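**Student:** Numbered according to this note's numbering, the sequence shown terminates at residue 337, and the numbering increases by one at each position without gaps.
No lab work stands behind these hints: they were computed from the structure.
The structure presented is a predicted model; accordingly, all values stated were derived computationally and were not measured.
C-beta: ideal position from N, C-alpha, C; glycine also.
With beta-carbon atoms standing in for the labels, derived distance ranges: (1) Gln152 with Thr32: 17 to 25 Å; (2) Lys268 with Lys62: 35 to 43 Å; (3) Lys2 with Ala169: 22 to 30 Å; (4) Met131 with Lys62: 15 to 23 Å; (5) Ser307 with Glu281: 18 to 26 Å; (6) Met131 with Arg269: 22 to 30 Å; (7) Gly11 with Gln35: 14 to 22 Å; (8) Gln30 with Glu244: 35 to 43 Å; (9) Gln250 with Arg165: 37 to 45 Å; (10) Gly230 with Thr34: 39 to 47 Å; (11) Glu281 with Thr248: 22 to 30 Å.
Taking lysine-lysine and the DSS-like style, the derived pairs with C-alpha atoms no more than 30 Å apart in a straight line are: (12) Lys334 with Lys136; (13) Lys2 with Lys208; (14) Lys200 with Lys243; (15) Lys243 with Lys212; (16) Lys2 with Lys46; (17) Lys46 with Lys166; (18) Lys268 with Lys166; (19) Lys44 with Lys243.
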Amino acid sequence: MKEIFERVYDGNDLTKEEMLTLAEAIFSGQLTETQISAALIALKMKGITSTEMASIAQVMQKNALTIEGAPVDAMDNCGTGGDQSNSFNVSTTAAFVLAAGGIPMAKHGNRSISSNSGSADVLEELGVELMTSPEKISELMNEIGIAFLFAQAMHPNMRYVSNVRKELATPTILNLIGPLTNPVQLETQLMGTFAGHLLKETAETLGKLGRKRAIVVQGAYGMDEANLAGETRIALYENGEVKEMNFTPQELGLQEYPLQAIVGGDAKRNAEILLSVLNNEPSPFLETVLLNAGLGFYANGKVASVSEGIEEARRVIASGAAKEKLNQLVAKQKEVQ
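Just need the whole structure built from these sequences, with the hints factored in.
**Tutor:** Spelled out as structure tokens, the structure:
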């Protein structure tokens, strides 16, 4: 372990084996909080690689609760958070649209860290049970087509780094890998990130973790969701290759809105916004979800372009199917708890 610390302190990238060893030590309680802090800062200062991200994510997945029997074509659309945009819960809302469009959703998420309401907070407000057993998560995904995987419950070994994360006044590799650690073995994924400089590396990481197709997205002004305030950048992983693209709202036939137009609030306010979108009420919130759900359909391969994905999202919401998915999830959880 001393040699691994010296290598990263000297600014060297770690090999897969070295990063696996370091991650195992972190998540098994072998290191002190001081050692963990030093390793995280050293990794950040030298620059994080896709191998390092994939290796630490694999260790976290190995130590997570096991979800057996989930649909083989499951997808997630979780983002990193940390963009300081204070937006409403975009990806959580879009998850119901994607599920209603026929994609089994393993929606991974947590309580708020840097915003007023995380995915867990808003879903709890809507009546969704957070502490769901692995068996019931699988049942929900197979019968309803969507389940929420509460990260805090899925990854008990995160307790070894919780204090460090709170005390370090800077994002580290741990802020980047949350969406990479879904306990369900995903085939496809849409992932938002605040770290635009690692867009390609993050897409490569998803490939190393077994995704067949995935998109990593950063919206205008560094947001970890696509938005309507300017240019969105994406990195598409498919067949072992990463293709980077960008687009503006106008290019997709959408109206431009400033980020201020999609600012959310506490869990109650964000639940109101989520319901307004699923009720197909016209607003910048609705248009933003259409864009992100459209990207999700495209990431999944269900459509051939982002534009087609937006139209599919528009159809699904207008039909009432996305709202019905939420109702079914709440009702089914009451049956199986």
